[in-house]
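Read in order, the letters of the sequence shown correspond to residues 2 to 83 in the working numbering.
I should point out that these hints are in silico values taken from the structure, not numbers from a laboratory.
Computed from a prediction, not measured in an experiment: that's the story for all the values here.
Be careful, since some hints might not be right.
To be verified - Simulated crosslink set (SDA-like; lysine to any residue; CA at most 20 Å straight-line): (1) 16 to 45; (2) 16 to 58; (3) 16 to 37; (4) 16 to 59; (5) 16 to 33; (6) 61 to 10; (7) 16 to 52.
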Amino acid sequence: MSEADALVVFTPSGKRGRFALGTPLLQAARSLGVDIDSVCGGRALCGRCQVLVMEGEFAKHGVSVGVGAAGDGDHPGKLGIA
Numbered sequence: 002m003s004e005a006d007a008l009v010v011f012t013p014s015g016k017r018g019r020f021a022l023g024t025p026l027l028q029a030a031r032s033l034g035v036d037i038d039s040v041c042g043g044r045a046l047c048g049r050c051q052v053l054v055m056e057g058e059f060a061k062h063g064v065s066v067g068v069g070a071a072g073d074g075d076h077p078g079k080l081g082i083a
């Protein structure tokens, strides 16, 4: 993995890792041992694996995410499917 990869931090656990851009969040979560409910196996059918993509300062985890860095800069805090 390189600096160009996305840094993904799961809260409240603080588990983190760098993943190639385009890696599904559910796959990233599983590789880090983060348990995210996905009854349908991540096919976006059941809605159980919804996550909140956030931007801002996260001092507890030592992370600062700039506007637009967490995806769609027009919709910070939007729900996404892991």
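_Satisfaction of hint between residue 52 and residue 16, Cα-Cα up to 20 Å_ = Answer holds: residue 16 to residue 52 is near 15 Å, not above 20 Å.
Quick one, are residue 16 and residue 59 close enough, alpha carbons at most 20 Å? holds (13 Å)
- residue 16 and residue 58: Cα distance at most 20 Å? holds (17 Å)
Please work out if residue 16 and residue 33 have their alpha carbons no farther apart than 20 Å. Roughly 7 Å separates the two Cα atoms, so the pair holds.
Check your understanding: Holds or violated: are the alpha carbons of residue 16 and residue 45 at most 20 Å from each other?
Key -> Measuring from Cα to Cα gives roughly 23 Å; hence the hint is violated.
### Query
Within 20 Å, alpha carbon to alpha carbon, are residue 61 and residue 10?
Holds: residue 61 and residue 10 sit about 11 Å apart, inside 20 Å.
(message) For residue 16 and residue 37, compute the direct alpha-carbon distance and say whether it is at most 20 Å.
(response) holds (13 Å)
Taken one by one, the earlier hints fail for this structure only at number 1.
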